[in-house]
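Got chain F; can you put chain R on it based on the hints?
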Amino acid sequence: MITKNYLIFGGTSGIGLFLVKELLKSKNNLTLVVRNIDKAKLLFNDEVKLIEVDLENSSILLETLNKININSKFDGLIYTAGIEGTFPLKSASHEKLIKYYNINTISFHLALSFFSKKKISNDSSSIVVISSIMSTIGASGKSVYSASKSSINGLVRSAALELSSRKIRVNAISPGLTLTEMGNALLDRMSNNDQDKLLKEYPLGFGKSEYVSDLILFLLSEKSIWITGQNLIIDGGYTIK
Amino acid sequence: MNTKEILNSIFEELEIESVKELDLETVYKDLDEWDSMSVIILIGFFEENFSTTVSGETLNELTTFGDLFLKLKIDDN
Chain F
1 MITKNYLIFG GTSGIGLFLV KELLKSKNNL TLVVRNIDKA KLLFNDEVKL IEVDLENSSI
61 LLETLNKINI NSKFDGLIYT AGIEGTFPLK SASHEKLIKY YNINTISFHL ALSFFSKKKI
121 SNDSSSIVVI SSIMSTIGAS GKSVYSASKS SINGLVRSAA LELSSRKIRV NAISPGLTLT
181 EMGNALLDRM SNNDQDKLLK EYPLGFGKSE YVSDLILFLL SEKSIWITGQ NLIIDGGYTI
241 K
Chain R
1 MNTKEILNSI FEELEIESVK ELDLETVYKD LDEWDSMSVI ILIGFFEENF STTVSGETLN
61 ELTTFGDLFL KLKIDDN
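If you read the sequences in order, they're chains F and R. Heads up, the first sequence is in this note's numbering, so the first residue is 1 and it goes up one at a time. Heads up, the second sequence is in this note's numbering, so the first residue is 1 and it goes up one at a time.
Extracted from the complex, chain F is given alone in its bound form:
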């Protein structure tokens, strides 16, 4: 079994947590960038290397990443960290915009900047970022979230072209409503009746972390060697209508 080195943003909840557990089963070496290092220690003990950064404060991210002691170069970057919210346009304050863009977009951009260096990543690496179906469709109350996720898709396309000379693949995954803490919080804001209506909009039902995690694993593997610069939608058919 070939073990690989992965740099993962997030990983203590939802899709990221499921992914980390899967990668650990295959004895891969993982470096996790997390907001709450105590929670991560409880989850993983010494199984992973941990770096504590609050991505809301993206200005210190590069400085922190540059301090990582690289024993062997990374084979993949997975960005599962993110923030989701629903509020009207009139509530889109400067403070909220900065927060959403820092966590969803700017920190990923900086992570890409770090990872793109030859001394940091191996050729033929794979980069996967979690975008959202809200990056391709609109919804009332989702202006800030949608905009921050749409930015990721553009970044992925340009980065894929730039890194293609090193055969590094860069792809985004856009899940529909997935039953994670984040997804459940979104459902809690709805009445039972509205939840039922939304469920009917998903021909294959709501998603589970493992469905998305499996797609990430595929994109990390050599089976996806000819896929780059894409935004892969995984939503149980929500957006095909």
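Honestly, I wouldn't trust all of these hints.
As the list claims (entries may be wrong) - Here are the simulated DSSO-like pairs of lysine-lysine, each with C-alpha atoms no more than 27 Å apart in a straight line: (1) Lys-208(F) x Lys-41(F); (2) Lys-241(F) x Lys-200(F); (3) Lys-90(F) x Lys-29(R); (4) Lys-4(R) x Lys-29(R); (5) Lys-90(F) x Lys-142(F); (6) Lys-73(F) x Lys-21(F); (7) Lys-21(F) x Lys-49(F); (8) Lys-208(F) x Lys-39(F); (9) Lys-200(F) x Lys-20(R); (10) Lys-41(F) x Lys-27(F); (11) Lys-21(F) x Lys-67(F); (12) Lys-90(F) x Lys-20(R); (13) Lys-241(F) x Lys-142(F); (14) Lys-119(F) x Lys-167(F); (15) Lys-117(F) x Lys-167(F); (16) Lys-29(R) x Lys-142(F); (17) Lys-4(R) x Lys-90(F); (18) Lys-29(R) x Lys-197(F).
If you are wondering where the hints come from, they were derived from the structure by calculation, not from laboratory data.
Using the frame of chain F, we list chain R on its own:
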């Protein structure tokens, strides 16, 4: 904030024009402005101002602001 001030803040947040003011007996779901975004706004309002989470289903089950304040234990004391 007392209940009157809270109702005034909600009046502003929901940009109510269909009635002159809100009171504890107002049936919020009967307001012309009431829609799915109103639910989101109210949930956000209580989270920001009272650090309390009210679910969409709770808003669906209750009818008046008085019921809602009672549920959230908001009173003038």
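To see whether the hints hold, each was checked on the structure:
1. Taken as a hint, the Lys-208(F) and Lys-41(F) pair is honoured in the structure, with Cα atoms around 24 Å apart against an allowance of 27 Å.
2. Simply put, Lys-241(F) and Lys-200(F) have alpha-carbon atoms about 12 Å apart, close enough for the 27 Å limit, and the pair holds.
3. Between Lys-90(F) and Lys-29(R), the direct Cα distance comes to roughly 21 Å. Compliance with the 27 Å bound is thereby established for this hinted pair.
4. Only pairs whose Cα atoms come within 27 Å are accepted, and Lys-4(R) paired with Lys-29(R) is accepted, the gap being roughly 19 Å.
5. With a C-alpha separation of about 12 Å, the suggested pair Lys-90(F) and Lys-142(F) falls inside the 27 Å cut-off, and the hint holds.
6. Restraint check for Lys-73(F) and Lys-21(F): the C-alpha separation of about 21 Å stays at or below 27 Å, so the hint holds.
7. Using a Cα cut-off of 27 Å, the hinted pair Lys-21(F) and Lys-49(F) holds, with the two alpha carbons roughly 14 Å apart.
8. A threshold of 27 Å between alpha carbons decides the hint, and for Lys-208(F) with Lys-39(F) the separation of about 22 Å falls inside it, so the pair holds.
9. The straight-line distance between the Cα atoms of Lys-200(F) and Lys-20(R) is roughly 38 Å, outside the 27 Å bound, and the hint therefore fails.
10. As the CA atoms of Lys-41(F) and Lys-27(F) are separated by approximately 18 Å, the hinted pair is consistent with the 27 Å bound.
11. At most 27 Å may separate the alpha-carbon atoms for a hinted pair to count; Lys-21(F) and Lys-67(F) meet this at roughly 26 Å.
12. A hinted pair counts as satisfied when its Cα atoms are at most 27 Å apart, and Lys-90(F) with Lys-20(R) qualifies at roughly 22 Å.
13. Restraint check: the Cα-Cα separation between Lys-241(F) and Lys-142(F) comes to about 20 Å, which is no more than 27 Å; the hinted pair holds.
14. With a CA separation close to 15 Å, the supplied pair Lys-119(F) and Lys-167(F) stays within the 27 Å bound.
15. Of the pairs offered as hints, the one joining Lys-117(F) and Lys-167(F) holds, with about 13 Å between alpha carbons and a cut-off of 27 Å not exceeded.
16. Note on Lys-29(R) and Lys-142(F): the hinted pairing holds, with a Cα-Cα distance of about 23 Å set against a maximum of 27 Å.
17. Among the hinted pairs, Lys-4(R) with Lys-90(F) is consistent with the structure: their alpha-carbon atoms are about 23 Å apart, no more than 27 Å.
18. With a CA separation close to 19 Å, the supplied pair Lys-29(R) and Lys-197(F) stays within the 27 Å bound.
Of the numbered hints given earlier, the model fails hint 9 alone.
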